[in-house]
Amino acid sequence: MKKTIIKNAVLRKDMLLDMKKPKVAVIMLLFNVLLGLVSLPFLGSTLLLAEGYSYGAADLSYRTMINMFLVLVWLETIAIFFLTPALTAGCVSIEKERQTMDVLLTTRMSTWQIILGKYFSSIMLVIMLLISGLPVMSLVFIYGGVSLWQLFLILLVLIATTMFLASFGVFFSALVKNTIVSVILTYIFLGVLLSATFSVSLFGIGIMENIRDTLEWEYNITTNINGDGFIFALWLNPFVTIFDSTAQIFGYGDEYLTINGMVTLGEEGVFYSMTEKNIFLNLWSLCSVIVQLLIAFLLLRWSAHLIKPVKRKPKKFKSNLNGVKRSNKAPVANKEATTEAMPRTVAAAEPVAAPVSLNKPEPVAKAVPKDETVAEPIEAVMAKEETTSEAVSDASVPDKDTDSDAGNEQ
Amino acid sequence: MLEIKHLYKRYGRFLALNDMNLHVEQGELFGFVGSNGAGKTTTMRICVGLLEATSGEVYIGGQDVLQSRKAMSERIGYVPDFFGVYNSFSALEYLEFFASAYGIYGDEAKNLCLDLLKLVKLSDKANADVNGLSRGMKQRMCLARALVHNPDILFLDEPASGLDPKARFELKEILKNLSSMGKTIVISSHILPELAEMCTSVGIIDRGHMVLKGTIDEIHRAAALSSPLLITVAEEGVDDTFAFLQEIPNVHKVTAQGNRLSVVYDGNREDETALLKQMVNRDLPVYSFNRQEGSLESLFMQIVGKNKKPSGKGGQR
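So the sequence lines, in the order shown, correspond to chains A and B.
So the first sequence is numbered by the numbering used here: it starts at 3 and just counts up by one.
So the second sequence is numbered by the numbering used here: it starts at 529 and just counts up by one.
Hint data in this document are derived by calculation from the structure and do not stem from the laboratory.
Where is the CB? At the ideal position from N, CA and C, for every residue including glycine.
Hints are supplied without guarantee of correctness; some may be wrong.
Unchecked claim - Result set (DSS-like, lysine-lysine): computed pairs, CA atoms no more than 25 Å apart in a straight line:
id : chain 1 : residue 1 : chain 2 : residue 2
1  : A       : K313      : B       : K638
2  : A       : K310      : B       : K598
3  : B       : K533      : A       : K310
4  : A       : K313      : B       : K533
5  : B       : K533      : B       : K598
6  : B       : K638      : A       : K22
What the hints assert, rightly or not - If we take Cβ atoms under 8 Å as the criterion, some of the chain B residues that face chain A in the derived model are:
id : residue
7  : F542
8  : G577
9  : L579
10 : S601
11 : E602
12 : I604
13 : G631
What the hints assert, rightly or not - Which chain A residues face chain B? A few, computed with CB under 10 Å, are given here:
id : residue
14 : L19
15 : K22
16 : V105
17 : I116
18 : L118
19 : N212
20 : R214
21 : T224
22 : I227
23 : N228
24 : D230
25 : R303
26 : K313
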């Protein structure tokens, strides 16, 4: 018996379907060609510098290789940012478009399992892309400067970023029916998210500072209020996360260029409430990754709720159903009778007009061939009276005609 | 097996299901007939848990579907009115996927799916691309898909629509076969005669309300009774007979063509006998007395047409 590693049916199915498409291979190829082309000049310059060493004039630096590595990381970040929405924002809506969602929803899988399967199958592509880039990234090991552990850490951060961005794609594709709309919404939203995190934190800090200054200068109240906490809005910005983590791990050639450094060592008096030792600043990357993954989780839960076909359980039958006027009287008046007198059988030789009364609480319609005489709910009787009177009037007119016709014939 | 009680569904101002009641016994092959928009699909989607009901109860095997959908998914198989297939999947892979969605993996799933393909007579297409299958084959494959978890009750939404006579026949045979295995099958269509050929009982739904339900025999009888009585009398007795019939309360309409009278009459066989007896007792010169052959189509039209008249009150609000 074959062993089944992946238990999630949707995940298995989507991975199988994806692997059948040439799309993945093409994207991977283009991605790696791009990475290779970008890394070559760095490698070349290092080689040239190394060559220069033989003339005694070399300035060989690990920094060149680290810079190459940083450029590759940022390239991957940008690729993630542009590819993730495209690869995830259709994952649920395409099932809706193909009309396979209904069938999936009737299976034993819960909506949460379906969403998880969809989510992981689509980020799997991006993760595979990242892994496929590892050989090019490993060029850095030729001369050193980056350790395997550092490479691994960066990969983790990139994967976390993917997971965060992908959750928006899944969410929007669960929200709307159309894949294109979902993709557009995801891009717009992520664009807004990236800029809004900056503007919110800057705006918040500025506003609070204004309030403090106003209080101090206008009202002579010296307070300690500040908006420094708004800086943490940037936790939601994956670009900042990657910037901080790369700066923490490799540095950008200047120790000020981590978030912690920029906040606490920058201009005096801006973030005076925060010190270098602030744990949230020191662990910026870790905290922001945790927050982002938490948001991703909540978004996925929300998506699972969105695709749930039956969100609230229906009321048990009640008489005072708003607006359902037509026959609400019928079941109420005869509630006890109705439950038993459902149209289980048609009395064998009933007239055709009678079956209309079958749903009514008079199973013995056979005995009363004329519908009007049955003690029926008012509405139904009214409806029927209309029909019968119409029928009668219909009948009476041609009757005379035929009568006279018959007379003429005779 | 299936019990629907006072099911209501509104879409905005439109009342799609209006006090829908239904009872289907275990092992029945139940046909759901109604014109387009009568509420067949809505009822089915509520039963399989894909749609919220406004109010009402649905029980399958005594369990309330609307209250615990998840538990019921094991017992329900559903074939919607569209195929919903994945491109670039083979028939076998397609079925295996749904098997895994019910927690069946590996060789077990493969054997099961091959058996199912055999059941729906698609064994030779196991490795064919799903997209290349004909409509009839796709429909059968979807049926196999709905059987993957061996459900107790099957809901098929217009399975025969768009199929050619041969495919229709094959589908019918498979359904009868399944029915004989003890599965309860609920199948919808807008063509009554089509269902009459295979179903054990039929319900006619009109504007969200079950207007007629019965076994096939009963439906046929109702169809027969829906058609007018044909009475032939001697020339000289036409006027008397006409006058007599006019006074009978169950008679809605009498038309005469020469000595042949066509009578629109509400009543069963016994009533007919009584009527004939009365006529003979009155010395009316009756030559012949019989019911015109009734067709299911005309019965359906009659029922649906009749309920259309007071439309100001029902349906659309």
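Find the hints from earlier in the document that the structure breaks and name them by number, from lowest to highest. 1, 7, 18, 19, 20, 21, 22, 23, 24 and 25
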